[in-house]
Amino acid sequence: MNETTDFVTGLTFSEGPRFYNGYFWFSDFFSKRVLKADIDSGEVETVCQLDDQPSGLGWLPDGRLLVVSMLNRKVYCLENNGELTEHADLNPIATYHCNDMLVDKAGMAYVGNFGGNLSAMAKKYGREALKNMELPTAAIACIGPNGDIKVVAENMLFPNGTVLTDNGKTMIIAETYGNCLTAFDVEENGILVNRRVWAQFENIYPDGICIDSEGAIWVSNPIESMVYRVIEGGEITDKVQTSQNCYAVALGGKEGRTLYCCTAQTSDPVNSFQLKSGKIEIVEVEVPAKLV
Numbered sequence: 001m002n003e004t005t006d007f008v009t010g011l012t013f014s015e016g017p018r019f020y021n022g023y024f025w026f027s028d029f030f031s032k033r034v035l036k037a038d039i040d041s042g043e044v045e046t047v048c049q050l051d052d053q054p055s056g057l058g059w060l061p062d063g064r065l066l067v068v069s070m071l072n073r074k075v076y077c078l079e080n081n082g083e084l085t086e087h088a089d090l091n092p093i094a095t096y097h098c099n100d101m102l103v104d105k106a107g108m109a110y111v112g113n114f115g116g117n118l119s120a121m122a123k124k125y126g127r128e129a130l131k132n133m134e135l136p137t138a139a140i141a142c143i144g145p146n147g148d149i150k151v152v153a154e155n156m157l158f159p160n161g162t163v164l165t166d167n168g169k170t171m172i173i174a175e176t177y178g179n180c181l182t183a184f185d186v187e188e189n190g191i192l193v194n195r196r197v198w199a200q201f202e203n204i205y206p207d208g209i210c211i212d213s214e215g216a217i218w219v220s221n222p223i224e225s226m227v228y229r230v231i232e233g234g235e236i237t238d239k240v241q242t243s244q245n246c247y248a249v250a251l252g253g254k255e256g257r258t259l260y261c262c263t264a265q266t267s268d269p270v271n272s273f274q275l276k277s278g279k280i281e282i283v284e285v286e287v288p289a290k291l292v
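Sequential numbering from 1 applies to the sequence shown in the UniProt record's numbering.
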């Protein structure tokens with residue numbers, strides 16, 4: 001089992017990790033910043049400051065950055081002059097906080113939301129009890145490059161990390177409270193069809209995910225300090241031990257073999273801001289990132 005080393009420390013709570021244009025990018029929830037780090041030195045710089053918690057990140061074909069604004073339920077675009085402009089308002093679709101996002105080569109952005117306050121329900125009834133309860137579900141919103149929005153999938157149990165495979169023809173979404181990875185075929189208009197279970201878990205609550213060049217998916221499990229490499233059907237082929245609970249992952253680095261892990265002691269807003277236990281941990285893995 002591989003173990004990690006620290007790459008960036010002193011964060012509130014990191015999420016939305018991406019490797020883009022030679023840098024490692026991520027959101028820091030409770031400082032409300034999007035950051036990027038030099039992959040050699042680990043030196044961090046602020047890309048933009050929001051008035052709300054940022055989460056999922058992605059890029060339009062022209063290189064402009066899109067940022068999910070969680071509590072506002074909007075997506076913002078970082079213009080070339082440094083100004084943040086509203087790209088899309090997801091309030092007509094999102095029934096709770098917006099979360100992760102995937103932006104494809106054409107600039108189509110897929111954004112999930114919590115569906116409801118499932119974290120509060122888990123605290124009240126216990127996480128295991130939720131498996132036998134009817135939970136609020138969420139829709140996946142698709143935002144066109146010009147900001148038009150539509151629903152492309154429904155009845156998702158806390159949709160989270162998302163990847164594309166099969167040359168963009170298949171989308172795989174982590175359903176955290178469904179304990180599964182769910183696959184869809186992607187139609188030309190962005191609608192997701194032919195829903196099926198790609199991997200079902202017992203005690204893994206998949207959060208952030210990333211895909212490698214063999215089509216296996218690295219899965220973070222926010223209830224423990226472990227990351228799993230999973231193939232279709234649910235077989236676990238490899239594990240990475242982190243120093244604290246892991247909430248999201250990304251593959252990158254010069255050879256695509258660096259696994260970046262977003263970890264923290266807690267996701268509680270007050271405690272996260274006070275403790276600043278958030279870290280980016282790294283480890284080298286055998287199979288490199290999938291080229292997109």
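You may find that some hints are simply not true.
[Stated by the list, open to error] In silico lysine-lysine, BS3-like type, Cα no more than 25 Å apart, as pairs:
#1 K131 x K74
#2 K239 x K105
#3 K254 x K276
#4 K276 x K169
#5 K124 x K74
#6 K169 x K123
#7 K169 x K105
#8 K36 x K254
#9 K276 x K123
#10 K32 x K276
#11 K105 x K36
#12 K150 x K123
#13 K290 x K131
#14 K150 x K105
#15 K105 x K254
#16 K131 x K169
#17 K36 x K276
#18 K239 x K290
#19 K239 x K254
Hints were generated in silico from the structure; no laboratory data involved.
Outcome of the hint check:
| no. | hint | in the structure |
| --- | --- | --- |
| 1 | K131 x K74 | violated (30 Å) |
| 2 | K239 x K105 | violated (30 Å) |
| 3 | K254 x K276 | violated (28 Å) |
| 4 | K276 x K169 | violated (39 Å) |
| 5 | K124 x K74 | violated (29 Å) |
| 6 | K169 x K123 | violated (38 Å) |
| 7 | K169 x K105 | holds (12 Å) |
| 8 | K36 x K254 | holds (15 Å) |
| 9 | K276 x K123 | holds (22 Å) |
| 10 | K32 x K276 | holds (13 Å) |
| 11 | K105 x K36 | holds (21 Å) |
| 12 | K150 x K123 | violated (32 Å) |
| 13 | K290 x K131 | violated (33 Å) |
| 14 | K150 x K105 | holds (18 Å) |
| 15 | K105 x K254 | holds (21 Å) |
| 16 | K131 x K169 | violated (31 Å) |
| 17 | K36 x K276 | holds (17 Å) |
| 18 | K239 x K290 | holds (19 Å) |
| 19 | K239 x K254 | holds (22 Å) |
In the structure shown, a violation is registered for the earlier hints numbered 1, 2, 3, 4, 5, 6, 12, 13, 16, in ascending order.
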